[in-house]
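*Asks:* So you can see what is in the structure, the chains are spelled out below.
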Amino acid sequence: MRGIVRAAAYCPGAGSPRAGSRTADEDRFTLEATALERLLDGRPDRPGTRRIRTVGPLPSVASWAFPAWVGTPSEITSYGAGVSGLEEAMAASIAGGGPEIVVASDLDTGVDGAVAFLVSEVGGTDTPGGVRPPAADDEEAVLPAAVARWKALPARAREGWVGDWAELDRPSPTGPRVPHPDPVPAGVSEGAYLPRPRYLEGLSSRWRLIAERCSSCGRTSFPVRGRCRGCGRREGLSEVALPRAGGSISAITWIGPGGQPTEFDAQVESSGGYGVAIVELIPGTLGTFQLTDVARGELAIGAKVRTGLRRLYGQEGEWRYGRKAMPLAPGS
Amino acid sequence: MGHRAAIVGAGHTRFGVLEAGPRALLRDAVDRAFASVDQGVERGQVRAGLLATLGFGGWQIGNSSTLLAEEADIPGLPVARVENACASGGSALQVAVSAVTSGAQGLVLLAGLEKMTDVSNARRRFWLGVSGDTEWERAAGLTFAGVYGLIASRYLASNRLGREALAEVAAKNHANGALNPNAHFQKSVTREQALAAPPVADPLGLYDCCPVSDGAAALLLSSAETARKYTDTPVYVDGVGAGSDFLAVQERADLTRFEASRRAGEAALRSAGCERREVSFLEVHDCFTIAELLALEDLGFADRGRAGPMTLAGETRRDGRLPVNPDGGLKAKGHPIGATGISQAYEVFLQLRGAAGARQLPSPQRALTHNVGGAGATAAVAVYSVG
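Heads up: the protein sequence lines correspond to chains A and B, in order.
FYI, in the working numbering the residues of the first sequence are -6 to 325.
FYI, in the working numbering the residues of the second sequence are 888 to 1274.
It should be emphasised that the hints constitute simulated quantities derived from the structure, not laboratory data.
C-beta: ideal position from N, C-alpha, C; glycine also.
Accuracy of the hints is not assured; some may be wrong.
To be clear about the criterion: a stretch of chain B counts as covered by chain A if any three or more of its residues have a C-beta under 8 Å from a C-beta of chain A, and this derived list gives those stretches [to be verified]: (1) 1028 to 1034; (2) 1086 to 1092.
Simulated restraints, written as ranges between beta carbons of each label pair [said to hold, decoys possible]: (3) ARG226(A) / ARG1208(B): 45 to 53 Å; (4) SER208(A) / ARG1157(B): 30 to 38 Å; (5) GLY223(A) / GLU1051(B): 31 to 39 Å; (6) ALA1083(B) / GLU291(A): 22 to 30 Å; (7) GLY277(A) / ARG1047(B): 23 to 31 Å; (8) ARG1191(B) / ARG220(A): 28 to 36 Å; (9) ALA288(A) / GLU906(B): 43 to 51 Å.
Model the full assembly from the supplied sequences, consistent with the hints where possible.
*Replies:* As structure tokens, this is what we get:
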């Protein structure tokens, strides 16, 4: 019998003064990728996931990015947008075999965010301890019941579900939602050219903060280059995921008009500039990140930050994505 | 110890936003270099040529060294390009020193060139970001200025300094540039103007940044033994040193020092058998005002954290204890990328021979040039004395 064993949600600007307003570097892909990241946090069943069902149109990057994120060959099936698409996807999951992920955004429930569900056998060994699955005696209604609960958000009880549903407990945005077209620049970038194979090569570090720890000298090097930056060794390196929150700013600058590479011209034109920081992700290991969701002056050297997946720039018909740094959510 | 090589001639064009194209600039600098040789020299005596250039704008990326042979009117001259971003000139000088010291080449023509204003503003910003780490620093939205902005933020915070020391570097170098007829900027700038300038990469503002400039400079280098064939007052290159560091600033041990510069300076002074107190003046790489403060500490002329107070106290002015960048530095003289390292040696050539005109320092004996690539990825240092 199948059910939702885990769920995770992500809302743009959650917990920040800008809660509920999607920033210019977020799109459907970044929302769903972040929800997916929360869903898969430390999950042992990640290697087994066979199918990913996406609700609503996504940029073509999702077709290879989501399976890469899950870390195992997975098939993607797409469904129409909105709650009806979600119901269809959920119904199809009942018949599916093996663990599956359903991920959706822009569900028109007044909630501007994304949610990801892990669907699997319930009552078996893959049910996480401490989580009460849906009513076990209601076999056929298990998934529709979950969908009904989702549709009724934020009012219904959600005990037993994993994930930060509290993010959704806030007033619905008033007024029309800003439409989110995804025009992708078709031309060759005028900027320093990061060729696509090099971009893809670095994805584990760019998207998931994967670094390499040296068994010989103990240094953690970032990004992954197959070489310890401390002692130079190329063997005895093991992959480790750096924490996505809690790093501190070592250096910070604010780029004004004229200080940016040309890929970021449109961004500077609309926002006037942006911040960039070197962040000490763990003691002795640094990364360089653009800042987002923050006004000039809000962050200084020593401040603690978190990182999230955001859109960087467009090149040759494809959006490039990477992590940016932002203030910690209040209370964290 | 003793001398390793000798500069027997040197030439320099105006630096700035110029009408002249790259070929004309090269020809001008080379002609002046040949004309400056006291006893004269036949162009055919030159055995090899080195061109220091980034190739900014992409107008001629492959085989650009051949332009040196053409514009010097030395057909068939063996030539090569040397490139280490902004340290191209200083690095080329070291290759030339090796060539003449080993006896492989008797007389070498060395030129640095950059034509930066041919291309649009947008393409300039593209090329200003090519010498940092492309994959990571660039993708985070950094050009050259942004990386130095990060370094400056950390330096000022660690040393509890405001921007005044940076503004003083700008004011000093502009005052020096006003006495240099080749300088890009020949007007003075006050500390207040520097502090009030619009931000480019906070805490760096417009007057903390060197300009985008066209220009060329050239040297004729011989072995120390044969120098007197060409002049009674050669300027000897007594020692050279170089170094490098991780391309991406985030991977380095310390955000407020350039290890590449420290290594290069240590090696150059040691190979020249020169104590720091013997050095009469410095030509350092002030692509941004913060870079001059770092240079003083990296080269050991100021203790860690003391470059700011030293500068504010006037010690590095032309009339100070240790003049730094008497020609205006990159800040005021300009920074045609490949030409800068050669331009620094040109200033040494003039100053040590008493030919620096209005900006002449009183009887300098030994000098040091310091040339850095990008944000400290490479560095080349040389130490000189006069014959």
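*Asks:* Do ALA1083(B) and GLU291(A) keep their Cβ atoms within the hinted range of 22 to 30 Å?
*Replies:* holds (24 Å)
*Asks:* Honestly, do GLY223(A) and GLU1051(B) meet the 31 to 39 Å range at C-beta?
*Replies:* holds (37 Å)
*Asks:* Taking 23 to 31 Å as the hint, is the beta-carbon distance of GLY277(A) and ARG1047(B) inside that range?
*Replies:* Given about 24 Å between the Cβ atoms, the range holds.
*Asks:* Given as covered by chain A, does the stretch 1086 to 1092 of chain B meet the bar of three residues or more with CB within less than 8 Å?
*Replies:* holds (count 6)
*Asks:* Holds or violated: the 43 to 51 Å window for the beta-carbon distance between ALA288(A) and GLU906(B)?
*Replies:* holds (44 Å)
*Asks:* Within 30 to 38 Å: is that where the Cβ-Cβ distance between SER208(A) and ARG1157(B) falls?
*Replies:* Once the Cβ atoms are compared, 37 Å apart, the range 30 to 38 Å for ARG1157(B) and SER208(A) holds.
*Asks:* Range first: 28 to 36 Å. Now tell me if the beta carbons of ARG1191(B) and ARG220(A) are that far apart.
*Replies:* holds (29 Å)
*Asks:* CB of ARG226(A) to CB of ARG1208(B), is that within 45 to 53 Å?
*Replies:* holds (46 Å)
*Asks:* Counting residues of the stretch 1028 to 1034 of chain B whose CB is closer than 8 Å to a CB in chain A, do you get three or more?
*Replies:* It holds: at least three residues are needed, and the stretch 1028 to 1034 of chain B offers 5 whose Cβ sits within less than 8 Å of chain A.
Checked against the numbered hints listed earlier, the structure breaks none of them; every hint is satisfied.
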